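There are 2 protein chains.
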Amino acid sequence: MTLLVKDIISYLIPPAEAIHHTVDTLKFGNENTPITGIAVTFMPTYEAIERTIEQHANLLICHEGLFYKHLDDPLPIHDKVYQAKKQRIKETNLNIFRLHDHIHRIEPDQITYGLITKLEWQPYIIEHKTESSIVSLPKQSLYQVITDLKDKLNLSHVRYTGDLNQSCQRIGLFVGYRGGSHQTLSLINQYNLDLVICGEGPEWETPEYIRDARYIGENRGLIVIGHMESEEPGMRAVAQQLSEAFQEVPVFFIRNKTALSMI
Amino acid sequence: MTLLVKDIISYLIPPAEAIHHTVDTLKFGNENTPITGIAVTFMPTYEAIERTIEQHANLLICHEGLFYKHLDDPLPIHDKVYQAKKQRIKETNLNIFRLHDHIHRIEPDQITYGLITKLEWQPYIIEHKTESSIVSLPKQSLYQVITDLKDKLNLSHVRYTGDLNQSCQRIGLFVGYRGGSHQTLSLINQYNLDLVICGEGPEWETPEYIRDARYIGENRGLIVIGHMESEEPGMRAVAQQLSEAFQEVPVFFIRNKTALSMI
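Top to bottom, those sequences are chains S and H.
Those letters in the first sequence? Residues 1 to 263, per the working numbering, in order.
Those letters in the second sequence? Residues 1 to 263, per the working numbering, in order.
Hints in this document: simulated from the structure, not taken from any laboratory.
Just so you know, not all the hints are guaranteed correct.
Any copy will do: because identical chains look the same in the list, a pair fits if it lies in one copy or spans two.
Claimed, not checked - Derived pair list, reagent style DSSO-like, types lysine-lysine, alpha-carbon separation capped at 30 Å:
| no. | residue 1 | residue 2 |
| --- | --- | --- |
| 1 | Lys90 | Lys139 |
| 2 | Lys6 | Lys27 |
| 3 | Lys150 | Lys139 |
| 4 | Lys139 | Lys152 |
| 5 | Lys257 | Lys139 |
| 6 | Lys257 | Lys150 |
Computed from a prediction, not measured in an experiment: that's the story for all the values here.
Chain S on its own, in the form it takes in the complex:
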């Protein structure tokens, strides 16, 4: 039986679970196209598209958008980079499907769970919330947690606020752009969190809250690991699931380089 693009979409998002008003759509291509290979990535960069084509795959599954913003409307239609990327996708007949909303809405959130798995923190889960998960680790210093994160996620650096010697046990994980105070504050209070780990968030929100909390003697810390760095493990898990479910086609994962280097 020939595997079609729509078979993969139905596997990723069973029709009964389909969401209205979602960015999870086939951005380019045709759902009746027979699949030659599947690439999965976090960010569908121009380079990721070229690597997909080089590997003779014709379906790219990505978490973030193609054109430098979350929503597809309006697109930067007068921009040369947009035009070149769109033309390259069209001339190669690549199928591109975005998997964002649904994977975050599965319970537990499979992007968060992918990070937990990569960190080998499944034994320490306390509770899964809608936009975060709470874990309770064996007590260790903030420095030890940072070292562990850098090691397991292969990070060159992280940003943080807190005292590297402070003790960390109760930790809230907020992947992607969930580092805002409306997401973190209530859970810091509810679970008396020692540490928040997030992908990214506004600098004037949670970092400033943690700074003030520490000033009045509370034991709080924050590690900002990067948006891609926090969500890539969940997309890597998708590639693994697809490779097991569809052994008749090659499936591979494309890792993005970090969006911002440090100097």
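With chain S's structure known, arrange chain H on it following the hints.
Coordinates of chain H only, in the frame set by chain S:
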């Protein structure tokens, strides 16, 4: 003549220039209070409040909000840090005025202009736009620009994307949280910018645009210096102006530590 809080507010925002729907309000205190001293800062941290009180000043002028978000409504009223900070402000009768919208709306934006002045780039200004300024520097490498920024702004690190050897001349400055693609893309195109310098912005927007632009051979780069780091010079200039205009009271500037350290 006794100097009152309202005299300073009228100096900062002449009544004829007052904006409706603004965060620029007296958050605590009473505008008829006689002033004993004025502190100016970017972020009104708990520590900045204590330093204001230690210096026997009773008016703190700040750019960002007190309680970890841009707008005052809703406030995290059940949070212990919020409660402690609010109580401390009330018991010390500190007057706190936020200066945000008006200073950004002066033409040219005085927060952006403060950064330009600190960088000594006034001779190179091409144009002031609503949310950015365009400069044309003598040609230099991205590495040279980064070194210059770190030196003049006293930064321990910056985040960037691009090739450190690439040539930079036409530069767009986007202070604060103006690093989003809806702010940067049209100006990158219009001015053929080699380099964007911003405070902060979503990682999936401008950094990914620059990455793709470079992939197809365009000469683009991005430096993310931090929100506070990009806006503090403009607030420091306010302290300088006040100290010249009101020599009868002490005026001082409180520098914040960086919100996020790097490791």
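Discussion item. When Cα atoms must be at most 30 Å apart, do Lys6 and Lys27 count as within-copy, between-copy, both, or neither?
Written reply: within (13 Å within a copy, 56 Å between copies)
Item to complete: Pop the pair Lys257 and Lys150 into one bin, within, between, both or neither, using alpha-carbon distances up to 30 Å.
Response: Answer is both: 15 Å inside a copy and 24 Å across each meet the 30 Å cutoff.
Discussion item. My question is about Lys257 and Lys139: at a cut-off of 30 Å on alpha-carbon distance, are they close within one copy, between copies, both, or neither?
Written reply: between (32 Å within a copy, 28 Å between copies)
Worksheet entry | Within, between, both or neither: Lys150, Lys139 at alpha-carbon 30 Å | Within one copy only: 18 Å inside a chain, 37 Å across chains, cut-off 30 Å.
Discussion item. Cα distance capped at 30 Å. Does Lys139 pair with Lys152 within a copy, between copies, both, or neither?
Written reply: within (18 Å within a copy, 41 Å between copies)
Worksheet entry | 30 Å Cα threshold - placement of Lys139 relative to Lys90 | Neither, since 53 Å and 38 Å both go past 30 Å.
The structure fails to meet hint 1 from the earlier list, while all remaining hints are met.
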